[in-house]
Amino acid sequence: MERRSFLKGFGAVSACVALVPTIASAADEAKKVKGPNEMSVESALNAITGGKAVTPSSKVSLSAPEIAENGAVVPVKVSVESPMSANDYVKAIHVLATKNNNSRCANVYLTPANGEATFATRIKLGSTQDVLAVAEMSNGTFLSAKQNVKVTIGGCG
Amino acid sequence: MHKLSICTALFSLALCGILNAEESMSMNAADKAMYAEMLENNPAAMDIAEGEELFNAQIGQEAYAKMLGVSVKDLPKTIAGFPRLVKAAGKVVTLSQSLQMAAAQQGKAVPKLESKEMVKMSGYVKSLANDLKTNIDVKVNKQMEEMVVLGKHIFEERRGGRGLSCNSCHSPDIIGSRLRMQELPDLGAPTTASASTWHAYRMTQSAMVSFDKRMQQCMKNALLAELPLGSKEMVALEVYVTNKGKGNTIQIPGLKR
Amino acid sequence: MKTLIKVKPKDYKVGEIVKIDFMAMHPMESGMRKDKDTGQIVPAHFINEVNFFFNDKMLTKMVTWESLSVNPVLSISMKVSATGTLKVLAKDNKGDNVESSVAITPKG
Numbered sequence: 185m186e187r188r189s190f191l192k193g194f195g196a197v198s199a200c201v202a203l204v205p206t207i208a209s210a211a212d213e214a215k216k217v218k219g220p221n222e223m224s225v226e227s228a229l230n231a232i233t234g235g236k237a238v239t240p241s242s243k244v245s246l247s248a249p250e251i252a253e254n255g256a257v258v259p260v261k262v263s264v265e266s267p268m269s270a271n272d273y274v275k276a277i278h279v280l281a282t283k284n285n286n287s288r289c290a291n292v293y294l295t296p297a298n299g300e301a302t303f304a305t306r307i308k309l310g311s312t313q314d315v316l317a318v319a320e321m322s323n324g325t326f327l328s329a330k331q332n333v334k335v336t337i338g339g340c341g
Numbered sequence: 004m005h006k007l008s009i010c011t012a013l014f015s016l017a018l019c020g021i022l023n024a025e026e027s028m029s030m031n032a033a034d035k036a037m038y039a040e041m042l043e044n045n046p047a048a049m050d051i052a053e054g055e056e057l058f059n060a061q062i063g064q065e066a067y068a069k070m071l072g073v074s075v076k077d078l079p080k081t082i083a084g085f086p087r088l089v090k091a092a093g094k095v096v097t098l099s100q101s102l103q104m105a106a107a108q109q110g111k112a113v114p115k116l117e118s119k120e121m122v123k124m125s126g127y128v129k130s131l132a133n134d135l136k137t138n139i140d141v142k143v144n145k146q147m148e149e150m151v152v153l154g155k156h157i158f159e160e161r162r163g164g165r166g167l168s169c170n171s172c173h174s175p176d177i178i179g180s181r182l183r184m185q186e187l188p189d190l191g192a193p194t195t196a197s198a199s200t201w202h203a204y205r206m207t208q209s210a211m212v213s214f215d216k217r218m219q220q221c222m223k224n225a226l227l228a229e230l231p232l233g234s235k236e237m238v239a240l241e242v243y244v245t246n247k248g249k250g251n252t253i254q255i256p257g258l259k260r
Numbered sequence: 174m175k176t177l178i179k180v181k182p183k184d185y186k187v188g189e190i191v192k193i194d195f196m197a198m199h200p201m202e203s204g205m206r207k208d209k210d211t212g213q214i215v216p217a218h219f220i221n222e223v224n225f226f227f228n229d230k231m232l233t234k235m236v237t238w239e240s241l242s243v244n245p246v247l248s249i250s251m252k253v254s255a256t257g258t259l260k261v262l263a264k265d266n267k268g269d270n271v272e273s274s275v276a277i278t279p280k281g
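Residue numbers (our numbering), protein chains in the order written: chain A, 185 to 341; chain B, 4 to 260; chain C, 174 to 281.
Only chain A is shown next, with the shape it has when bound in the complex:
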């Protein structure tokens, strides 16, 4: 690295380090505000399935970025393989952020008229964590897929 560009970089880095708030530390953890709808992923899953087993399946495809540019806007896309016929369809797609204060993001109840079982949105992630998609099939089974999303803080402002 040339000295000149290093110095420029140094200036830029120090300016930003000084200004951007740091990631929540252990001390912050203790003072963390509890949200009004706080619910762990275990409780949320239980509410969805009524205690039934959830099986990871390649029929559920979940795409989310491996590294999120910004935790406040993380694109999530779910699609489930299904004929979406009157007797064989996806009843619901549930999206959960496993480490958010309220892990529930959206419960989407589909009908055969959807033609395809897809759902896409953008979610907030408080920290690096797994995003979980659960598909509720018309035969009463639950299939799932998950993906880890690393949340970074980046750049200047």
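No lab work stands behind these hints: they were computed from the structure. Note that the coordinates shown come from a computational prediction; the quantities given were computed from them, not determined experimentally.
Mimicking DSS-like on lysine-lysine, the simulated pairs with C-alpha atoms at most 27 Å apart in a straight line are: (1) A:Lys243 x C:Lys181; (2) A:Lys261 x C:Lys181; (3) C:Lys183 x B:Lys35; (4) C:Lys252 x A:Lys261; (5) A:Lys261 x C:Lys186; (6) C:Lys264 x A:Lys218; (7) A:Lys334 x B:Lys35; (8) B:Lys35 x C:Lys192; (9) A:Lys330 x C:Lys234; (10) C:Lys234 x A:Lys243; (11) C:Lys252 x A:Lys243; (12) C:Lys264 x A:Lys275; (13) B:Lys35 x C:Lys181; (14) A:Lys275 x C:Lys234; (15) A:Lys243 x C:Lys192; (16) C:Lys264 x A:Lys283.
For this one, chain A is given, so just place chains B and C on it according to the hints.
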């Protein structure tokens, strides 16, 4: 003394590490594609729609074209060339300033440059030039020639508590390095296409932000005094940076981190 | 609450599957954020129900939470069965609600 120099060396190394983080620390192609797809559903589309209502109620294309001295048909082409010399103003102005002039001429309340109304309105008007290439001409007259020279000076002038300039982070010899996992953008490259992709929805602010406002925010974060919107210096900076990316296709609203 | 519905692609026929995108301007307050000026916690304020109807028949029902991004975007699929109206009813936890609709006009 010896210890100190080792410390300094380690500290410098750590900083180099931040600046040139591993490839795996930034987004891969698939991630980038996912974000690019988000452009199709840009929440700022709602701001642009509101801007259209505001513009049609306060000014309208006909009155605006007349104020600029062009036909309605030539309006998009003219919009793609801002900042530009507007005869009625007698100086080089930004798109927002020209809208202020048009509103005043119509006897309507003149929205402030900082106002949400203006951001929405100017965003809509700039979107009229979508799919055209930015066609700023810095040699077309003396005023533009002067502004681009002043703009370059402002881009390179080191100011503020840390002696930084725009060029400190956006100069060709540092572009592409990473600053806290973000690649420093080349303000002139087609991929980052600065001027042609602002107004943009900023995910960090969940709002649509104009180009000059973004530059102000950049100054603030680098501890430089913010140049006021509409000041000669700010307009000159916009002229210079827009000219760097001249010929990039206008796509408003953009979507940025 | 301002909203926008998009149907993609622009041209479609009966029997084809289109993408429906619903956007709303909404702060989606989590109830965990402190106001910078007052230091007080900003009360939760988020869209909690979004229902899609085609020709008044329920297509998709959503229960949504504060974890959706500010100014949320929700996308689903729909198999085009006829000409008609797609209606979206969105409601937030403070009782604000909005109805928006878009015409579904298959060609051929």
